[in-house]
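So you can see what is in the structure, the chains are spelled out below.
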Amino acid sequence: MLIITCPFCGPRDEVEFACGGEAHIARPLADNKISDADFADYLFMRDNPKGLFLERWRHSAGCRRWFNVARDTVSNEIVEIYPMGSLPAKTAAKTTYKTSWRRDTAAEKAATPSRSKAGGSK
Amino acid sequence: MAQNHPDRGQRGLPGGAQRYSAFALAKKAMNYHQDWQRAWRDPEPKAEYDAVIIGGGGHGLATAYYLAAVHGLTNIAVIEKGWIGGGNTGRNTTIIRSNYLWDESAAIYEHSMKLWEGMSQDLNFNVMFSQRGVLTIAHSEHELREMSRRVHAIRLNGIDSEILGPAEIKKFVPTINIDQSIRYPVMGGFLQRRGGTARHDAVAWGYARAADDLGVDIIQKCEVTGLRRQGRKIIGVETSRGFIKTKKVGCVVAGHSSVVAAMAGIRLPIASRPLQALVSEPIKPILDTVIMSNAVHMYISQSDKGEMVLGAGVDKYNSYAQRGSFPVPEHMLAAAVELFPVLSRLRMLRHWGGIVDTCPDASPIISKTDIEGLYFDCGWGTGGFKATPGSGHVFADLIANDRPNKIAAPYSLDRFRTGLLIDEHGAAGVAH
Chain B
1 MLIITCPFCG PRDEVEFACG GEAHIARPLA DNKISDADFA DYLFMRDNPK
51 GLFLERWRHS AGCRRWFNVA RDTVSNEIVE IYPMGSLPAK TAAKTTYKTS
101 WRRDTAAEKA ATPSRSKAGG SK
Chain G
1 MAQNHPDRGQ RGLPGGAQRY SAFALAKKAM NYHQDWQRAW RDPEPKAEYD
51 AVIIGGGGHG LATAYYLAAV HGLTNIAVIE KGWIGGGNTG RNTTIIRSNY
101 LWDESAAIYE HSMKLWEGMS QDLNFNVMFS QRGVLTIAHS EHELREMSRR
151 VHAIRLNGID SEILGPAEIK KFVPTINIDQ SIRYPVMGGF LQRRGGTARH
201 DAVAWGYARA ADDLGVDIIQ KCEVTGLRRQ GRKIIGVETS RGFIKTKKVG
251 CVVAGHSSVV AAMAGIRLPI ASRPLQALVS EPIKPILDTV IMSNAVHMYI
301 SQSDKGEMVL GAGVDKYNSY AQRGSFPVPE HMLAAAVELF PVLSRLRMLR
351 HWGGIVDTCP DASPIISKTD IEGLYFDCGW GTGGFKATPG SGHVFADLIA
401 NDRPNKIAAP YSLDRFRTGL LIDEHGAAGV AH
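Protein sequence lines correspond, in order, to chains B and G. FYI, in my numbering the residues of the first sequence are 1 to 122. FYI, in my numbering the residues of the second sequence are 1 to 432.
Keep in mind that the hints were calculated from the coordinates and are not lab data. Backbone N, C-alpha and C define an ideal beta-carbon position, used for all residues, glycine too. Be aware that one or more of the hints could be misleading.
Claimed, not checked - Simulated DEER-style distance windows between Cβ atoms:
1. B:Lys94 with G:Phe243: 43 to 51 Å
2. B:Gly85 with G:Asp288: 52 to 60 Å
3. B:Ala89 with G:Asp288: 37 to 45 Å
4. G:Ser148 with B:Ala111: 38 to 46 Å
5. G:Tyr32 with B:Asn76: 42 to 50 Å
6. B:Ala111 with G:His152: 39 to 47 Å
7. B:Thr5 with G:Arg145: 39 to 47 Å
8. G:Thr225 with B:Ala111: 32 to 40 Å
9. B:Lys94 with G:Lys221: 32 to 40 Å
So that you can see chain G by itself, here it is in the shape it has in the complex:
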């Protein structure tokens, strides 16, 4: 991998694209920034590729990038029905953490965290990864005890995690209300200092630019309408821009996983649900970390622009409508105002929903299928953004070698037959 990294002192990226740097910025300023090259091409689909990734979100683009950078597969395409990063990648609340309970989860989310830590350098693209800490609040004695058990398990896996009491929380987050008389009082919490946020669009753009530089075709406005098979083997994909021949297809389509799976006659345990988020008008900095509460389904952070970014729990019924129902954010806002009374008169600017692929055990599916050459990376549900690099990295490995590596193996679709689930419901909380 190292020799392929764009940031190894070459003048350009490995494929020849110009590097982004402070020097380049200053130089282009002389010309009023008029001669920046395109970050990625807009190619016509070729007749045949070695592999096709369906879905141009963060996970799909990361998969394509690692296929090219790590496995040397460059004759590949990412096909996206809309525009890249326009789905859940651009709709999430950008929280990144790796403090999961089970060993299998710790392995993949920590793998991801390590890739986050070097991502801006690796991609030569500032993804604004900010390790500002993620603090999860406990609102009852029981939740606090369960939390300490979790913290110990997480630390045994070598992941930073610590318990804070209400007074320490107040010191860490001065705007929070720790009054014990409120409906859901702050009893304590646990903090991952290495957790934080990143600029979600930049993640899609950074991977797209680096993958394109290595020769990957990123084809937007191209919808998959069918999967062509010969017996139990994939031979290509039917798209709105014609048939594309390929022997390997990786599906990374989040909320639409069941729709694509149905094209191949595959059943998934997934339910597609709206997950809602909203941002407020921008205000002066009041919150320099991420606060989550599983009991009241609320998470909040402040963007660099000053907007408060709030996310809610998942809606209760299936939908593909990319909008949710109002009672969900209403409930979440009530909790937010109770914890942060300073927000009570804040106006919300935008509110949206993304369709997430929820799995019965709240863990993803990274798997081969019983059709040769067809692979799925889905089921990330409400918590996929944080896993973007790790998911792409192990999924690329699965596609290239046709066998899951140690990290991906537990996430096989077969676990729903064996019953060996990775139950992160209690551990990850509903606010994933």
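Excised from the complex, chain B in its bound form:
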């Protein structure tokens, strides 16, 4: 059984947590022009690495807050726990983030507002 350190409550047994699957999947914006195949990358396709994996967890029987975990899917070692909305800081976890196929998908690109639409650099 895993012992997961909730960033808000401290170390607890895994039974208190719910796993939310792959982290850092950004939803394409409403006015996207991507194809159905590209949208499927967002909706259905999942990173499923044998090794370090970035995933979301929720302390569902505790504070009920979400956070990110970098965990090895072979050894179950938890390498890093970091807040929602941020990227991992440890080198190995950073590499996992950068090398995921998801970074190159049209769906992820369509999730970021373009500068012109966002109204310049304000």
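Once you've looked at the hints, dock chain G against the given chain B.
For chain G alone, coordinates are given in the frame of chain B:
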């Protein structure tokens, strides 16, 4: 297919292997069973094959067998990184049924069931297929109503299925507790009498022996390390025992599907999760059928050796570790003891996990890919064992003809683009 069946009265199998029979057993007994031939060879990989199947589990071996027996492709190899049947084929709880809700599922699982019914004869190998019935329990009024809807749909597809009330269940399974005061009382259930179990190892061995007899090379301890491509075409596989040239590669690697797919730059909607099972010490016969409960994630049967075989729901997070976390079987055992109080003092002997390839719609992927000559049969998740023969049969057809047949077509990878999913979550239940 018929002329190739090993069991058509020849003295040996089509490829010349000696037949297994009661007579052969008696004859070999004279010599203290010392001159049985090897069930299959242990060949070195050749430089080139017409097709290579990655994964020597039940599905992979069945694919190879049907490629050889039905499609006449005999210059093929099955490559397996461990030993055949050592993955999920040897780790499941051996339940076989075909009572699925949707037409697409009914077609493939019933196709499979029909192949099960003739398998021991077809392969000349006793797979101990036992149609002892599979009874799925409902624990609430709502579940029971949903179940009757399902039973009617299943019957419209020509598959046997019937609803039983608590009293009928008690008669069918005398050890079950139908007391209405328990946390998850037995409100009813539905039974497929043609469902049952089979000896999982024998399925791998039977297919391996029959495929080997037809000339298929079964190469164990040979791990795939890469897929070699020329543009959008497969030209071979890199393995721990050297490069093997081939134009067709079928991947049947269950929990490792995403890993092999990544070698070809293909994305899959699969999450690899541990699925756990356990067996108890052997006891006298107390259960002559299979009981499943989707609401409490528990399924139970008794093996011929007398061990109670129990399976749980799938673990909640991705893992390749082939072991699960304890809360899952703990939850399942609590439910098992409530339904079968007679088990409360039983000791468990073995407990293990297998890595299953779960798909978002709980249905498999049997598909071509956008790389020519690369095919996938995966996503069977928690319920692949029952589909072993049907999956191999239609996947062999896909590889041989480079187009899916009517049964395989709905299971294309393209359904995640079109949205035409085959949602068996509610219908198959979590205990698949």
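Problem set entry | Violated constraints from the hint list, given by number and in increasing order | The structure breaks hints 1, 3; every other hint is satisfied.
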